[in-house]
Structure formats: C-alpha cells, structure tokens
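Asker: Sequence positions in the sequence shown follow the working numbering and run 1 to 149.
Treat each hint with caution, since some may be false.
FRET-style restraints, in silico, Cβ to Cβ [claimed, not checked]: (1) Ile45 to Glu72: 28 to 34 Å; (2) Arg70 to Thr128: 31 to 37 Å; (3) Gly147 to Pro53: 14 to 20 Å; (4) Gly109 to Asp144: 26 to 32 Å; (5) Leu47 to Asp129: 33 to 39 Å; (6) Pro113 to Glu51: 20 to 26 Å.
Note that these hints are calculated values from the structure, not bench results. Remember, it's a predicted structure, so these values are computed and weren't measured experimentally. All residues carry an ideal CB built from backbone N, CA and C; glycine is no exception.
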Amino acid sequence: MPESSHDPAYNPARRKARRRALDVLYEADIRQIGMLGVLTARQKISLREPEAPKFSEYAVALVEGVAGRREEIDELISTYAEGWTLDRMPTVDRNLLRIAVFELMWGEGIDAPVAISEAVELAKELSTDDSPRFINGVLGRISDYSGRW
C-alpha cells in the first residue's frame with residue numbers, strides 16, 4: 001500500500017532526502033567514482049545555482065552513512081539477495097538497497113517497515129516492474145537478520 005499523507009509514518013521530506021541520496025549514489029555508481037566526491041560536487045552546484053536541488057541534512061547523512069559502511073552494506077545485500085550478485089542488479093535497485101540497508105542497520109529513529117516501504121515505493125517509481133518485489137524480499141530477509149522488525 002503506498003504511503004500517503006494519512007499514514008503517520010509518511011514523511012515527504014525524508015522521501016525527498018532519499019531521492020536526493022539515490023541521485024548521488026546512482027551517479028557515483030554509473031560513473032564509477034566516489035560517492036562523497038559526487039555529493040560535494042552536487043552541494044557546490046546547489047549553492048552556486050539557485051534553481052538546483054538542495055540537500056537536506058538527512059540526504060547528506062544517508063550518502064555519508066552508505067559511503068562509510070559500503071563494504072558491510074554490500075556484504076549484507078550479497079548475502080541476502082538469493083541468486084543475485086550486486087553487479088547483476090539494476091543500478092537503481094542496488095543503490096536503493098544500499099540506502100535502505102543503512103537505514104535498517106544503523107539508522108536512528110527509522111522503523112524497519114518504514115525503511116522497507118520507502119525503498120519499495122521508490123522502486124515502483126524509478127525501476128523495473130519486478131524491482132519492488134525483489135527489494136521487499138531482500139530487505140525483509142535483512143530485517144529479520146537485524147532483529148529490528
């Protein structure tokens with residue numbers, strides 16, 4: 001069920017922050033460059049150009065968190081994405097999973113169902129028809145492992 005303004009867990013500012021973080025992770029992944037370098041470049045652009053999207057503290061925290069724990073995050077995804085390697089996943093899915101795993105494992109004040117639901121909703125908007133189900137399954141298994149469900 002899509003989140004709406006009637007859902008007490010829905011936070012449009014956080015969803016926007018997740019999208020901004022996804023933009024950075026996606027660009028870094030596609031260009032095969034560092035996440036923090038892309039973040040810094042994008043922040044400079046947003047300061048220089050008034051119409052450029054701004055970065056909230058939460059978007060910055062997500063990118064920095066994923067960058068700082070990327071090896072651990074990728075290991076969890078690889079372990080629980082049964083039959084899939086990271087390289088075989090669509091780039092959007094891989095980076096949505098990275099954000100959600102960071103929130104599941106190390107996010108403060110984020111309930112597991114919210115982190116999973118947000119990743120699934122973004123996958124519905126931005127990825128393949130099969131992606132929401134795939135992302136939900138991987139994150140559900142990781143959530144079970146983490147004990148935060």
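Asker: Does each hint hold? Answer for all of them.
Answerer: These are the hints, each one checked on the structure:
1. Ile45 to Glu72: 28 to 34 Å: holds (30 Å)
2. Arg70 to Thr128: 31 to 37 Å: violated (23 Å)
3. Gly147 to Pro53: 14 to 20 Å: violated (35 Å)
4. Gly109 to Asp144: 26 to 32 Å: Distance hint for Gly109, Asp144 is violated at roughly 21 Å.
5. Leu47 to Asp129: 33 to 39 Å: holds (38 Å)
6. Pro113 to Glu51: 20 to 26 Å: Once the Cβ atoms are compared, 35 Å apart, the range 20 to 26 Å for Glu51 and Pro113 is violated.
The structure does not agree with the numbered hints 2, 3, 4, 6 stated previously, though it agrees with the rest.
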